[in-house]
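Protein chains: 4
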Amino acid sequence: MAYFQSKPVAGRHFLQIPGPTNVPDRVLRAMDNPTMDHRGPDFGKLGKALLEKVRHVFRTEGPVVIYPASGTGAWEAALTNTLSPGDRVLMCETGWFAHLWHEMAGRLGIVTDFVKTDWRRGADVAQIEQRLRDDRTHAIKAVCVVHNETSTGCTSRIDEVRRAMDAAGHPALLLVDTISSLGSIDYRHDEWGVDVTVAGSQKGLMLPPGLSFNAISQKALKASETAKLPRSFWDWKPMLAANATGYFPYTPATNLLYGLDAAVDMLMEEGLDNVFARHDRHAEATRRAVRHWGFEVQCAEPRHYSSSLTAVRLPEGHSANALRATILEKFNMSLGNGLGPLNDRVFRIGHLGDFGDLQLIGTLGGVEMGLRAADVPHKAGGVQAAMEYLSGNA
Amino acid sequence: MAYFQSKPVAGRHFLQIPGPTNVPDRVLRAMDNPTMDHRGPDFGKLGKALLEKVRHVFRTEGPVVIYPASGTGAWEAALTNTLSPGDRVLMCETGWFAHLWHEMAGRLGIVTDFVKTDWRRGADVAQIEQRLRDDRTHAIKAVCVVHNETSTGCTSRIDEVRRAMDAAGHPALLLVDTISSLGSIDYRHDEWGVDVTVAGSQKGLMLPPGLSFNAISQKALKASETAKLPRSFWDWKPMLAANATGYFPYTPATNLLYGLDAAVDMLMEEGLDNVFARHDRHAEATRRAVRHWGFEVQCAEPRHYSSSLTAVRLPEGHSANALRATILEKFNMSLGNGLGPLNDRVFRIGHLGDFGDLQLIGTLGGVEMGLRAADVPHKAGGVQAAMEYLSGNA
Amino acid sequence: MAYFQSKPVAGRHFLQIPGPTNVPDRVLRAMDNPTMDHRGPDFGKLGKALLEKVRHVFRTEGPVVIYPASGTGAWEAALTNTLSPGDRVLMCETGWFAHLWHEMAGRLGIVTDFVKTDWRRGADVAQIEQRLRDDRTHAIKAVCVVHNETSTGCTSRIDEVRRAMDAAGHPALLLVDTISSLGSIDYRHDEWGVDVTVAGSQKGLMLPPGLSFNAISQKALKASETAKLPRSFWDWKPMLAANATGYFPYTPATNLLYGLDAAVDMLMEEGLDNVFARHDRHAEATRRAVRHWGFEVQCAEPRHYSSSLTAVRLPEGHSANALRATILEKFNMSLGNGLGPLNDRVFRIGHLGDFGDLQLIGTLGGVEMGLRAADVPHKAGGVQAAMEYLSGNA
Amino acid sequence: MAYFQSKPVAGRHFLQIPGPTNVPDRVLRAMDNPTMDHRGPDFGKLGKALLEKVRHVFRTEGPVVIYPASGTGAWEAALTNTLSPGDRVLMCETGWFAHLWHEMAGRLGIVTDFVKTDWRRGADVAQIEQRLRDDRTHAIKAVCVVHNETSTGCTSRIDEVRRAMDAAGHPALLLVDTISSLGSIDYRHDEWGVDVTVAGSQKGLMLPPGLSFNAISQKALKASETAKLPRSFWDWKPMLAANATGYFPYTPATNLLYGLDAAVDMLMEEGLDNVFARHDRHAEATRRAVRHWGFEVQCAEPRHYSSSLTAVRLPEGHSANALRATILEKFNMSLGNGLGPLNDRVFRIGHLGDFGDLQLIGTLGGVEMGLRAADVPHKAGGVQAAMEYLSGNA
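Protein chains in written order, with our numbering: chain A, 3 to 396; chain B, 3 to 396; chain C, 3 to 396; chain D, 3 to 396.
Incorrect hints may have been included.
Simulated coverage check for chain D against chain B, where a stretch passes if three residues somewhere in it have a Cβ under 8 Å from a Cβ of chain B [unchecked claim]:
id: 1; segment: 186 to 196
id: 2; segment: 208 to 222
Restraint-style ranges between C-beta atoms, simulated for each label pair [unchecked claim]:
id: 3; chain 1: B; residue 1: 342; chain 2: D; residue 2: 139; range: 18 to 24 Å
id: 4; chain 1: D; residue 1: 118; chain 2: B; residue 2: 54; range: 39 to 45 Å
id: 5; chain 1: D; residue 1: 192; chain 2: B; residue 2: 220; range: 48 to 54 Å
id: 6; chain 1: B; residue 1: 267; chain 2: D; residue 2: 118; range: 46 to 52 Å
id: 7; chain 1: D; residue 1: 305; chain 2: B; residue 2: 141; range: 43 to 49 Å
id: 8; chain 1: C; residue 1: 395; chain 2: D; residue 2: 286; range: 52 to 58 Å
id: 9; chain 1: B; residue 1: 267; chain 2: D; residue 2: 51; range: 33 to 39 Å
Calculated from the structure, these hints are not laboratory results. Since we're looking at a predicted model, the values are computed, not measured. Yeah, the Cβ is synthetic: ideal placement off N, Cα and C, and Gly gets one too.
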């Protein structure tokens, strides 16, 4: 039974929402160290080493700033540091989080072009290219893409977006949200020419929520010199100035930084490519189970399958929320709900972060037993299908 | 990856040996509180309340003493407090732990009658009764039975042993080892007329190893007044004297006592009968998987099936140790090895303590995938069989 | 030795900066619980109870919003939710943090009147009143005051500021920063007619940094309806809408909320008035030590003495930073540095949060031994003076 | 407020009994790692490394066995592994713990010669030598000495005891209790020719109670081959056999072993000689405070002053227990009580383990303020005297 569970339940809760993810003990233990003087000499050493080390996870050699704030704030930072009121940006409606980012841009006084999708695939690269080609005056200042859309389980091809921008010869900045992909799905800030990468602590980085990140290209830095959106808390300039010696312009989230230090070590020890392969393998096993049950995954485009979560469409006439409630009640597992128009239509299985084969089997077992308990028609044997795939690829 | 794992492995380790079991967070957090003055006033309050509360788990109204020592010590305490050098006891060789207790008795100068079994069932009640009937002079001072034999997964019927002793009209003490049953399998110290119940912290009590217990009947207390085996650390007398005010005669394992306080609360909140039913259900699901795979459980007598662990016999020519090594290597799960003559012949699945359905599915999934990876012939679908049972009984 | 100390040092580090403060074990243990589904039913119960409970600490019956961000962000929230670009506010330069808030306002496009002080007292109430009286057109939209100026150890009299505003008959909002006073120094959001109270987690609330707060009056809420500063992350409206059912519009800092739950309980169990009296007593003991050593406290106005920290002025020709470095090196204690113009001139002793008499004696002992080790002329016996006061008032 | 405090008290409790000591965070965090399979391959690696590493603390190259039991058990192990019923040993009554060890020997059937002292000094070496010289038949099989008598704060000179035994040409074994000295006071198992060193986890080793130790000489090992005292749990033979590959014959206290691993690292990083010097310095500072107050330390022989604790004699007519109760109530500090005949006559200050200068100042401050609060006549200024010494020697 966990501390805040309202009834006694034996065994560890399965937190299989697509983030926050299960925090590994090594990270929790690091976070448990006493808060230290954030202006003292030892902090500077920690800060410098950590700000350097975290770059590897973004695959960048440029600066990464760390906010003592959750991921939504890092979206705001990416926009306010690079844009001015009335600037135009091209966004791509891949799902609920793209929708929220779009809403935020509007609230901040940014004009948005919004490329639609059916929420069953990643960003529409062809349309992005076309819109950029059409924008002869280069009114569009930035292209904003969600790398891994947490609401649908569709991963946009950022490499293709980059190529499309290059093909169109368009100078817009490329801003990418990797909140549910960083540390889980292959991502390359420098190689793909991303200008601002937005990330959060509570998914592939295996931390509780409370830290967020901007990885920043030189081009983005230059843009920030003239960007006019008002900003203070999110302003890169004092942050980068203080970071140069390992410090922060205001109180950092010290204990989460300890956890980040441990988490980055863990990712490096396993090896980023191994980490990505592990997530790919778990995602494929999950999809095999889903298909065996007779359901569709929300992502309709195999090249866009997400490796960190799978959104599952329930047959018409069945409530995904009722199913999730049954599974929580009977099997002590939390699954992600459908967001926006997908509410009650899909449920989402998170298989990211500090996660192993047997946890996946338990997770899929909980879904399959829940389907039966909730009387959702399905073909039994999905777990078996997943196991066959996993044991053939162990 | 856990702290002491020799290579990086993502996800939580599955510790499915039949104890030590997975320590729940609530217990770990309690143990993390600062060590306190074991002679101060607050300790006395804690001690009194805890010594009272822990009795519920043994279903006794008599005293329970708590040693800052692992379970093996509590065996020694049971013997040295009640017996004199040269005393005769009747023991029952239900498996490896009964064998070890028997060895200990010999080393302490006790003469033993050892009722044999084939290690595939619990204590042989008929033979016990016969031996007692044959002992006209009442030379036998105690009957020693392991309630749940951790090496075989066979649970002796203590209620029947009691009835046999009564039927034989024999005054011997009844000493019972419940190290791997207490808090997992129905057990009733008072109702079954047990004189000394031996227990440890690291199984159904969900603590790390380091505490052990003797629940003591009035008859056992009386026997201790004349028992001549030398004893000091294990001596009940100073322990009970100090316990009367909530203290201990020497330094107690303070932080484990904090954990015990939390663990007993958890058992009481769930309700002991619910706890037992949960273990019964998990054991039955496990056996269904085992049979589906085409294997035998080590316990050949259904009335003696253990609800806290299942020992599985591998077909001739297959190494249980090689299988366990494969499962540890590929699937990050520890299973129990075969002990003594069962070495390499059986492996043991622990399904006790703080344990839920999805952890069981993950556990059985790890076994089934391991069987495939280790090329042990089996019929796939054992996990499915377990799920069918569980979801029909959720 | 703490985890990130660069050399082995025995014993617990004394973190006596004026925040972050020493996190008590009870709070750390609460934070260690597994991250939970922030959209699940148990979270809603926790959220509702916590959002209700935290109001007591602000002494308000109105809403308190909680940001997953550090305190600086809550300043920004207070401004962006209530003001429009070009609005005029009256601020009071009580020290470094007032200066930073003033800078922030400028960056956000707010016009500021800045009432100066000599950084040795709280806000100048007479001048505030005069400026408001002079503002016949009510161009001033808000008065911004730092309750407890962490850089100087001067506490502004918010009750008097309120009375001055009322006397001037001025409708400006009253925004108050309580980052280093809330939970340490008497503060009354409702009674003093404060419109927005800004607070952070890492001082009197005894948590690590990472949460910040706005307590909001009805008048401020109404102002937010027409306030035009762009805002999204900090926007009260979606926050309050989600809070109504115990949830948050974006991922909250779950584990810090667990800690907040424990911390508010601790404050309530001790009783807020007892908490304030404890801080008052420690502050007076500290000042007696300082005076005995022959130094001045930075705060020149006894009515403005801070109860959460004491800034100490070193005699001309002596470096406060060298002294702090000596104390860190030889006595394993972190003290606060002088900020801005006070750099190297003062050091700051934090005596707030989870803090007891003996920790204060250790703290003052470290200062006195450090003065000797660093050859700063002083009269020995400051600790003795503090002890005489404390033991007469224990 | 700690978890089990019966009333809310702010600030960290000062646990200044002479053990258990304050467990450092690094040790607590290590202990928090998940319990692992004590028969798995990673455990063997941990076990081997740890059994090797711990020898440094004893300054021995021979074997050290680790019991999952508190220190009292290690006394019993030392006796039962080396002696036979009716054997004669020479013990030295240095205080309460020597008395308890003597009682234990009697209960185990060992005949004891008990060299008396006035409880104000260490073992009487001259008498030991004389008794051994008088023992022409070498009936005495062992000399048992408490290195640091926790009840009196007197440290016996084990080097002199060794020389006395050699001078007498007596072949008895030398058994030494270092429960409150190991890791705090200079101790050399090999160099001083000790045969069995008895130790526990909860003092200088900075762990919670629950582990105890025997360091064993070749001579002691040889004696164990013929020693006839019944033993099983404490038996070295199966322990050493299992230890050879890093394992234990029965379930070890896994999580405490993690903590031991961290604690030994901490001692080695600081350097044992630095650790001892730190304890010497704190003890001298404490005695200066005590003398300034006008009290006597219980130890009347400067060469025997203990560096891990100081027992303080109160003037006639004053109750040490009342003083301790006042200090606990008013200043949240636990001090050690007087044991046996010293009950209510002395109180004991523990200054060992993970302990720094400022904690000592806080501790002595608590005593001095307590003396005043309890109206015990004393000369104020003891803390000042300690600070003068410490800052001259920082």
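We went through each hint and held it up to the structure:
1. 186 to 196: violated (count 0)
2. 208 to 222: Coverage by chain B holds for the segment 208 to 222 of chain D (3 residues, Cβ < 8 Å).
3. B/342 / D/139: 18 to 24 Å: 46 Å, violated
4. D/118 / B/54: 39 to 45 Å: Cβ of residue 118 of chain D to Cβ of residue 54 of chain B: about 42 Å, so the range 39 to 45 Å holds.
5. D/192 / B/220: 48 to 54 Å: 51 Å, holds
6. B/267 / D/118: 46 to 52 Å: 49 Å, holds
7. D/305 / B/141: 43 to 49 Å: Violated - the Cβ-Cβ distance for residue 305 of chain D and residue 141 of chain B, about 59 Å, lies outside 43 to 49 Å.
8. C/395 / D/286: 52 to 58 Å: The hinted range 52 to 58 Å is violated for residue 395 of chain C and residue 286 of chain D, with Cβ atoms some 31 Å apart.
9. B/267 / D/51: 33 to 39 Å: 37 Å, holds
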